[in-house]
Each structure stands twice: as structure tokens, then as C-alpha cells.
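For the record, the sequence lines run as chains A and B.
Counted from 1, the first sequence has number 265 at position 254 by our numbering; the numbering is strictly sequential.
Counted from 1, the second sequence has number 207 at position 196 by our numbering; the numbering is strictly sequential.
What the hints contain is simulated information worked out from the structure, not anything from laboratory work.
Cβ atoms here follow ideal geometry from the backbone N, Cα and C, with glycine treated the same way.
Hints are not guaranteed to be accurate.
Calculated cross-link-like contacts (lysine-lysine; reagent style PhoX-like; alpha-carbon spacing at most 25 Å) [as the list claims (entries may be wrong)]:
#1 A:K331 / B:K51
#2 A:K51 / B:K51
#3 A:K51 / B:K230
#4 B:K51 / A:K317
#5 A:K331 / B:K331
#6 B:K331 / A:K51
#7 A:K138 / A:K115
#8 B:K138 / B:K124
#9 A:K115 / A:K167
#10 A:K124 / B:K138
#11 A:K167 / A:K209
#12 B:K124 / A:K331
FRET-style restraints, in silico, Cβ to Cβ [to be verified]:
#13 B:A37 / A:K124: 55 to 65 Å
#14 A:T205 / B:A299: 49 to 59 Å
#15 A:D162 / B:M296: 26 to 36 Å
#16 A:D128 / B:G22: 52 to 62 Å
#17 A:D162 / B:T318: 41 to 51 Å
#18 B:R302 / A:K124: 40 to 50 Å
#19 A:D360 / B:T185: 52 to 62 Å
#20 A:T59 / B:E352: 49 to 59 Å
#21 B:N294 / A:E364: 33 to 43 Å
#22 B:L371 / A:A356: 31 to 41 Å
#23 A:E352 / B:S109: 24 to 34 Å
#24 A:A19 / B:N294: 48 to 58 Å
#25 A:P95 / B:A299: 22 to 32 Å
Number of protein chains: 2
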Amino acid sequence: MFEFTLTARAGRARAGVFHTPHGDLATPVFAPVGTQATVKTLTPAQLTELGASLVLANTYHLYLRPGDELVHDLGGLHEFMQWPGPTLTDSGGFQVFSLAQTRKIDDDGVTFKSHIDGSTHRFTPEKSIQIQENLGADIIMAFDECSDPNDHAYSKIAMERTHRWAERSLAAHTRSDQALFGIVQGGVSPDLRTASAKFISSLPFPGIAIGGLSVGETKAEMHAALDLVTPLLPEDKPRYLMGVGTPEDLIEGVRRGIDIFDCVLPTRLARHNAAFAPEGRLNLMNAAFARDQRPIDETCDCYTCKTFTRAYLRHLIVAKELLAGTLLSIHNLRALIRLMETMRAAIQDGSFESRVPKWLKQWQGNAERLKDG
Amino acid sequence: MFEFTLTARAGRARAGVFHTPHGDLATPVFAPVGTQATVKTLTPAQLTELGASLVLANTYHLYLRPGDELVHDLGGLHEFMQWPGPTLTDSGGFQVFSLAQTRKIDDDGVTFKSHIDGSTHRFTPEKSIQIQENLGADIIMAFDECSDPNDHAYSKIAMERTHRWAERSLAAHTRSDQALFGIVQGGVSPDLRTASAKFISSLPFPGIAIGGLSVGETKAEMHAALDLVTPLLPEDKPRYLMGVGTPEDLIEGVRRGIDIFDCVLPTRLARHNAAFAPEGRLNLMNAAFARDQRPIDETCDCYTCKTFTRAYLRHLIVAKELLAGTLLSIHNLRALIRLMETMRAAIQDGSFESRVPKWLKQWQGNAERLKDG
Numbered sequence: 012m013f014e015f016t017l018t019a020r021a022g023r024a025r026a027g028v029f030h031t032p033h034g035d036l037a038t039p040v041f042a043p044v045g046t047q048a049t050v051k052t053l054t055p056a057q058l059t060e061l062g063a064s065l066v067l068a069n070t071y072h073l074y075l076r077p078g079d080e081l082v083h084d085l086g087g088l089h090e091f092m093q094w095p096g097p098t099l100t101d102s103g104g105f106q107v108f109s110l111a112q113t114r115k116i117d118d119d120g121v122t123f124k125s126h127i128d129g130s131t132h133r134f135t136p137e138k139s140i141q142i143q144e145n146l147g148a149d150i151i152m153a154f155d156e157c158s159d160p161n162d163h164a165y166s167k168i169a170m171e172r173t174h175r176w177a178e179r180s181l182a183a184h185t186r187s188d189q190a191l192f193g194i195v196q197g198g199v200s201p202d203l204r205t206a207s208a209k210f211i212s213s214l215p216f217p218g219i220a221i222g223g224l225s226v227g228e229t230k231a232e233m234h235a236a237l238d239l240v241t242p243l244l245p246e247d248k249p250r251y252l253m254g255v256g257t258p259e260d261l262i263e264g265v266r267r268g269i270d271i272f273d274c275v276l277p278t279r280l281a282r283h284n285a286a287f288a289p290e291g292r293l294n295l296m297n298a299a300f301a302r303d304q305r306p307i308d309e310t311c312d313c314y315t316c317k318t319f320t321r322a323y324l325r326h327l328i329v330a331k332e333l334l335a336g337t338l339l340s341i342h343n344l345r346a347l348i349r350l351m352e353t354m355r356a357a358i359q360d361g362s363f364e365s366r367v368p369k370w371l372k373q374w375q376g377n378a379e380r381l382k383d384g
Numbered sequence: 012m013f014e015f016t017l018t019a020r021a022g023r024a025r026a027g028v029f030h031t032p033h034g035d036l037a038t039p040v041f042a043p044v045g046t047q048a049t050v051k052t053l054t055p056a057q058l059t060e061l062g063a064s065l066v067l068a069n070t071y072h073l074y075l076r077p078g079d080e081l082v083h084d085l086g087g088l089h090e091f092m093q094w095p096g097p098t099l100t101d102s103g104g105f106q107v108f109s110l111a112q113t114r115k116i117d118d119d120g121v122t123f124k125s126h127i128d129g130s131t132h133r134f135t136p137e138k139s140i141q142i143q144e145n146l147g148a149d150i151i152m153a154f155d156e157c158s159d160p161n162d163h164a165y166s167k168i169a170m171e172r173t174h175r176w177a178e179r180s181l182a183a184h185t186r187s188d189q190a191l192f193g194i195v196q197g198g199v200s201p202d203l204r205t206a207s208a209k210f211i212s213s214l215p216f217p218g219i220a221i222g223g224l225s226v227g228e229t230k231a232e233m234h235a236a237l238d239l240v241t242p243l244l245p246e247d248k249p250r251y252l253m254g255v256g257t258p259e260d261l262i263e264g265v266r267r268g269i270d271i272f273d274c275v276l277p278t279r280l281a282r283h284n285a286a287f288a289p290e291g292r293l294n295l296m297n298a299a300f301a302r303d304q305r306p307i308d309e310t311c312d313c314y315t316c317k318t319f320t321r322a323y324l325r326h327l328i329v330a331k332e333l334l335a336g337t338l339l340s341i342h343n344l345r346a347l348i349r350l351m352e353t354m355r356a357a358i359q360d361g362s363f364e365s366r367v368p369k370w371l372k373q374w375q376g377n378a379e380r381l382k383d384g
């Protein structure tokens with residue numbers, strides 16, 4: 012059911028097709044983030060139109076609200092949010108560590124307080140899998156612990172816990188219509204990343220995720236971690252770089268053999284009036300755009316760029332109109348999805364490696380990460 | 012260019028076609044309100060899909076932000092907001108009287124302070140027409156003064172000023188690709204409404220608007236005013252009841268011979284989590300909808316009703332997701348536009364008068380006006 016077919020290679024970069032119960036994913040692929048079972052400000056119809064194929068939702072958020080059992084009773088995540096294509100849920104681990112209050116980690120799991128109402132909850136590997144089975148995404152994640160990448164001692168403890176939790180997640184998983192991915196951790200320590208890549212690869216996961224990156228380490232450290240990890244992963248399983256990234260990160264990830272990415276960056280930037288553009292990231296609130304009759308990007312094929320001027324988008328932003336967030340989300344998501352389509356085609360036609368420097372240069376002005384992303 | 016063709020009648024109700032430079036309007040018609048050159052939360056593509064034909068924008072708002080000269084320089088309202096169909100702008104008068112601060116009215120015009128930054132501005136009939144020519148809508152309005160309907164003495168002064176301003180608006184208007192409508196005022200006083208209907212009808216306006224209703228009078232008073240006014244208006248010109256209304260108001264207006272309506276109600280309700288439904292207006296935040304797998308209205312053909320459950324909409328509202336406003340706006344606008352389409356077809360096929368009681372009963376639970384609308 013979850014066959015992964017590699018169709019072309021370019022160095023370590025790969026193009027493939029990952030077959031899921033809700034359709035085939037052409038990889039490499041970028042997944043928009045629908046934290047609360049909605050990609051913020053966009054309808055599923057708009058997502059389809061801009062070329063989205065895989066949509067991510069967050070286990071932590073949906074467990075708290077509206078509740079995974081409710082989503083299950085209403086037919087599962089696809090039916091609930093009416094996204095017809097493949098979906099992915101994370102394990103809830105990252106949000107527990109980054110959003111929840113007064114968390115307490117032990118070897119069995121994590122006790123935490125809801126960021127919504129302060130109520131107390133507990134996630135274990137078994138609980139995370141149970142929630143994700145209730146939600147019913149096509150691709151789900153083993154429960155993991157994300158550490159401060161620069162703290163080697165803690166990274167080792169978190170990695171070892173992640174490994175034990177990976178085995179427990181596998182043992183707890185019952186749904187054959189879901190692909191459970193294991194997660195490689197280990198911060199930025201070469202020894203830990205190596206050990207984690209080998210251990211997770213040894214387990215019968217149909218896909219491998221790389222967690223704990225884009226969380227405070229430098230770009231060079233991220234690239235080094237990928238250089239180390241991806242050669243150790245099985246060739247025949249899809250690889251998912253969690254929570255990444257910027258256009259530059261996508262290019263650097265694909266060339267190092269990553270197949271799946273997700274990030275809140277494009278939609279979060281949109282809600283902060285920022286757009287990916289050829290001349291670099293634009294803040295469209297700027298008065299310089301008041302009379303700018305160009306689209307955000309003349310080469311872009313999205314609804315926003317085919318329809319509206321920068322001047323109109325600036326007006327919507329200044330007038331505090333919500334449509335601005337919708338239109339910028341459409342463009343920013345399309346920009347990244349189009350970049351993935353371009354890279355995939357280049358892997359197929361043999362031009363990938365020669366075009367990487369041009370893409371990196373082209374996206375230079377859009378490379379910056381979000382401080383809170 | 013602005014020919015109005017009546018195609019059928021049912022008592023005083025009329026079905027027709029109003030020809031404009033941006034396409035033919037099938038009347039009776041309900042116009043969504045795009046205050047700041049955007050129907051809040053919706054793209055033009057979504058408006059087209061839900062059957063919108065005429066879109067209104069507000070002169071007062073666009074004059075202040077981004078400025079009518081800027082809109083003009085960017086190609087006019089249609090080009091700016093990318094609405095391909097007919098547009099309508101009001102005169103700015105109503106907003107000056109309801110939104111602006113410390114206004115001072117004299118016989119020549121109104122001086123007021125912007126609700127945005129407190130800056131001082133002045134509207135005269137000539138200025139209002141100049142702004143509306145810069146904006147470039149297909150249908151524009153003479154500058155008028157809206158009075159407290161229950162204050163007869165002031166209503167008389169405001170009406171007389173409105174009449175003089177109507178003549179000045181006509182004299183100031185130069186664009187032949189715009190239809191300038193005169194506005195009947197007179198509060199709820201039969202003598203004033205009669206005088207105003209006769210006077211405005213005597214001027215060479217291609218269409219007549221009825222202003223100063225749905226601003227504090229009772230529904231019975233509004234109906235009485237319409238009963239008095241519409242028989243005095245020329246049969247061959249379209250009639251526009253400004254700022255109205257609820258589904259009940261639309262039915263009562265059409266049966267009294269109104270052709271054009273606009274109101275913020277459907278989109279404003281949507282942003283307050285309320286939806287037109289068969290059982291009456293729903294507040295979808297209510298916990299009763301947490302597991303409700305029905306659409307808002309099983310008979311509705313809108314994207315929201317064809318796609319999403321009440322349970323999902325409630326989740327979006329509780330989770331404070333902006334998509335809720337978009338999806339409820341789509342439904343609420345489609346509900347009113349579908350009601351207009353149903354009434355128009357019934358006028359054409361001879362069933363209108365017999366079906367009015369059923370429609371009024373059907374929409375009873377949705378009849379309430381918004382307190383701030």
C-alpha cells in the first residue's frame with residue numbers, strides 16, 4: 012500500500028512516487044501545514060488549485076481541540092477537513108516540548124499542561140499512536156523527543172529515549188492503512204546522528220523522518236547533519252525532513268536526498284505581510300508598493316500573481332483586510348511547491364546538479380528563517 | 012448603455028435586465044458589499060462561484076484609503092480589485108453621517124474628520140461625484156443626506172438638501188459610462204417620501220435609489236414607505252433599496268417593486284459565527300454543533316454546504332481559524348443570492364405571488380436585523 016518508487020536520481024537527490032491510500036505523492040514534495048485541520052485562511056479547493064498534494068496536521072493541537080475521538084467519530088481527518096489527498100500527522104512531541112506548559116518528561120512519556128486551558132495531559136508513545144490512529148492520516152510519526160541541538164549530553168538522553176519510543180510506537184501501531192515513520196534525532200552531534208540514523212534504519216518503518224533540525228542550529232550544522240544522515244538511510248524508503256524550511260533549505264535538502272518537507276514558513280510569512288519574490292522577501296506593507304502595478308512575481312502561475320497587483324495587496328494589508336493573508340498564503344505556498352516541481356523535473360531530465368547554484372542564487376534573498384519558526 | 016429591460020411582472024414585483032458596461036445584471040439582484048474594494052475574506056473567484064453579479068464598494072472608505080486618485084491611476088475600481096462584473100459605489104454620504112467624527116453639515120456640503128486618523132475632509136455633491144468618477148463604478152450615487160427617520164423637521168431639511176444636491180450631482184457628472192442614480196429620502200413621513208419620490212423621479216437619472224431605510228425605523232414603517240414610494244417611481248428605471256437587508260426585507264422589497272439591494276448583513280453575520288439556516292439563524296460556536304454532521308443547509312448549493320459539516324465549521328470557530336469567516340461568508344451570500352434567483356424565476360413563471368407567504372415563513376427565523384447593521 013505504501014510502495015515508494017524511485018524514478019530518477021541526480022547525485023544524492025531523488026525523484027520518486029510514494030503511493031498512499033489517498034493518492035500518489037510525487038516526490039520531492041513540500042507539505043503545507045494545517046495545524047488545526049485547516050491550512051490557515053485557505054479552502055481545500057484553493058490548496059488543490061495551487062498544487063498542494065500532501066497536507067500536514069498537528070497531533071497535539073487536534074488532540075486538545077476538537078479531540079481526536081471526535082475527529083475519528085466524524086470519519087477521520089480527511090473527511091473532517093475535506094482534504095481529499097494524502098495527509099500526515101506529527102507525533103505531538105515537538106509541540107509538547109515547544110508549546111505546552113510545565114512539561115515533565117520521564118522514560119515512559121511526557122506530562123504537560125495544555126496551552127489553551129492549563130489542563131493536565133500525558134502523552135506516551137502508545138497514546139501518540141492511538142491519537143494518530145484516531146485522526147487517521149496516511150503518514151504518521153513515532154513519538155519522539157526533540158532536544159536542544161547544542162546540548163550533547165541532553166541530546167544523547169533524548170535520542171536514546173526516542174529510540175525506545177520508536178520501538179514502542181511500532182509495537183502500538185495497528186492500522187495497515189497508515190505508514191508509520193521513525194524519527195532520527197541526535198542534535199548536531201555527528202556520533203549521535205550516526206547512531207540514530209543506523210538504529211532507526213534498522214527498524215521496519217516504511218519511511219524515515221529527520222527531526223530536531225531547523226530548531227536553533229546553524230545552516231552549516233543542518234547541512235552537515237544531513238550529509239551524515241541521508242547516506243546511512245535505506246535507499247528504498249522516503250525521507251522526511253521535519254519542519255523545514257526556507258527555499259534555500261528545500262534546495263539544500265533535496266540535493267542531500269530528502270523527499271518530503273513541511274514548514275509553517277509560507278503561511279506564517281503571509282500573515283505577516285511578507286511574500287517570496289524574485290528580488291527577495293517583500294514586506295508588502297511598505298509604502299514603496301502603493302503604486303506598484305506588478306504582481307508579486309511575474310513568473311509565478313498562482314491565482315494571486317495572475318490576478319492582483321502589489322498595489323492592491325498593499326491596500327488590503329494597510330486596510331487590515333483578511334483577504335491579504337489568503338492571497339499571500341496562496342502565493343507563498345505556490346512558490347515553494349513550484350520550486351519542488353522544478354527540482355523534481357530537473358532530477359528527471361538530468362539538469363538538477365547544474366542548476367542548483369542558480370536556484371540558490373535566485374532564492375538568496377528569501378533564505379532567512381523566521382525567528383519564531 | 013444603461014438600458015433597463017423589464018422581462019416579467021408579478022403584481023408590483025419585476026424581473027428585468029440592467030445593461031452595464033461590465034455586463035448585464037439580472038434583476039432583482041442582491042449585491043455583496045466590498046467596503047474597501049474587497050468583499051471581506053473572499054476572492055473574486057469565490058464571489059463568481061457563489062453567483063454574485065453586482066459588487067458594491069464604499070466611496071467614503073476608498074477616498075480615505077487608498078485614495079480615489081490612486082485607484083483611478085491604477086485603472087479604476089474594476090481593475091484594482093479585479094472584479095470583472097458590474098460595480099456600484101455609494102455617495103459617501105451615509106458613512107460621513109454614521110462613521111466620521113465631528114461632522115458639520117451646511118447647504119454646500121459636509122466637513123468631517125476621518126475615523127482613521129482624525130484628519131479633516133470635505134464632501135460636496137461635486138466632490139462626491141469627482142471621487143466616484145475616479146473610482147469608476149458602473150453605478151454611482153448622487154450625494155445625499157440621511158436623516159433620523161423619526162425626526163420630521165430634520166428629515167424635511169435633509170430631504171430638501173438632498174434634492175438640491177441631486178441637481179448638483181447631475182450637473183457635476185461627466186462620465187457617460189456610469190449610471191448616476193438619484194436618491195429618494197424623507198424618513199418615514201408620508202408627505203416627505205411622496206415629495207421626494209416625485210422630485211427625484213422628475214430628474215433625468217437612469218435609476219432611482221431609496222435611502223434612509225433600515226436605519227432605525229420599524230419594519231412596518233419601512234414597508235409603508237416602500238408602498239408609498241415605488242408606485243410613484245418611473246416603471247422603466249431600476250430601483251435600488253440601499254443597505255437592505257435581511258431575507259425578509261428582500262422578499263418584502265421585491266414584492267413592492269425593488270430591483271437592487273445591498274447589505275453587509277451576510278458577511279458581517281459570517282464574521283460573528285452566524286449562518287442563515289432552514290431552522291433559523293445559527294450561531295455555529297454553539298456546542299450543540301460539535302458532532303453535527305449536516306451541512307448548514309442541506310438544500311444549499313454553495314461550496315461550504317456541499318463540502319463541510321457544521322461540526323467542522325464549529326471547530327474552525329472555536330479554534331479561531333480565519334477560514335470560518337470565509338466559509339460562512341460564502342454560505343450567507345449564496346443563501347441571499349439564491350433567494351433572489353428563486354424570486355426572479357418565480358416572477359418569470361407566474362408563481363411569485365402565491366409563493367411569497369411560504370418564503371416569508373421559511374425565512375422567519377432569519378428575519379432579525381443586526382443591531383449595528
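Taking the hints in turn, this is what the structure says about them:
1. This hinted pair checks out: K331 of chain A and K51 of chain B have alpha carbons roughly 10 Å apart, not beyond 25 Å.
2. Note on K51 of chain A and K51 of chain B: the hinted pairing holds, with a Cα-Cα distance of about 16 Å set against a maximum of 25 Å.
3. At roughly 40 Å between alpha-carbon atoms, K51 of chain A and K230 of chain B are farther apart than 25 Å, so this suggested pair is violated.
4. Pair hint K51 of chain B plus K317 of chain A holds up; C-alpha atoms about 20 Å apart against a cutoff of 25 Å.
5. Between the alpha carbons of K331 of chain A and K331 of chain B the distance comes to roughly 17 Å, so the proposed pair stays at or under 25 Å and holds.
6. Our distance criterion of 25 Å between C-alpha atoms is met by K331 of chain B and K51 of chain A, whose separation comes to about 10 Å.
7. Our distance criterion of 25 Å between C-alpha atoms is met by K138 of chain A and K115 of chain A, whose separation comes to about 16 Å.
8. For the hint linking K138 of chain B to K124 of chain B, the alpha-carbon distance of about 16 Å falls within 25 Å, and the restraint holds.
9. With a C-alpha separation of about 18 Å, the suggested pairing of K115 of chain A with K167 of chain A holds against the 25 Å cut-off.
10. For the proposed pair K124 of chain A and K138 of chain B, the alpha carbon gap of about 59 Å is over 25 Å, so the pair is violated.
11. With a CA separation close to 15 Å, the supplied pair K167 of chain A and K209 of chain A stays within the 25 Å bound.
12. Proximity of K124 of chain B to K331 of chain A is assessed by CA-CA distance (about 20 Å); at most 25 Å being required, the pair is judged to hold.
13. Separation of A37 of chain B from K124 of chain A is about 57 Å and conforms to the stated range, judged on CB atoms against 55 to 65 Å.
14. The beta-carbon spacing between T205 of chain A and A299 of chain B, approximately 55 Å, falls within the hinted interval of 49 to 59 Å.
15. Separated by about 43 Å at the C-beta atoms, D162 of chain A and M296 of chain B break the suggested range of 26 to 36 Å.
16. A hinted range of 52 to 62 Å holds for the C-beta pair D128 of chain A and G22 of chain B, which are about 57 Å apart.
17. For D162 of chain A and T318 of chain B, the hinted distance range of 41 to 51 Å is satisfied, since their beta carbons lie about 46 Å from each other.
18. At roughly 26 Å, the beta carbons of R302 of chain B and K124 of chain A sit outside the given window of 40 to 50 Å.
19. Between D360 of chain A and T185 of chain B the beta carbons are some 58 Å apart, a value that agrees with the proposed interval 52 to 62 Å.
20. For T59 of chain A paired with E352 of chain B, a C-beta distance near 27 Å fails the hint of 49 to 59 Å.
21. Look at N294 of chain B against E364 of chain A: about 58 Å separates their beta carbons, and that is not inside 33 to 43 Å.
22. For the pair L371 of chain B and A356 of chain A, the beta carbons lie near 59 Å from each other, so the given range of 31 to 41 Å is not met.
23. Restraint check, E352 of chain A to S109 of chain B: a C-beta distance of roughly 50 Å breaks the suggested window 24 to 34 Å.
24. Judged by the Cβ atoms, the range 48 to 58 Å given for A19 of chain A and N294 of chain B holds: they are separated by roughly 54 Å.
25. The hinted window of 22 to 32 Å between P95 of chain A and A299 of chain B holds, with their beta carbons roughly 28 Å apart.
The structure fails to meet hints 3, 10, 15, 18, 20, 21, 22, 23 from the earlier list, while all remaining hints are met.
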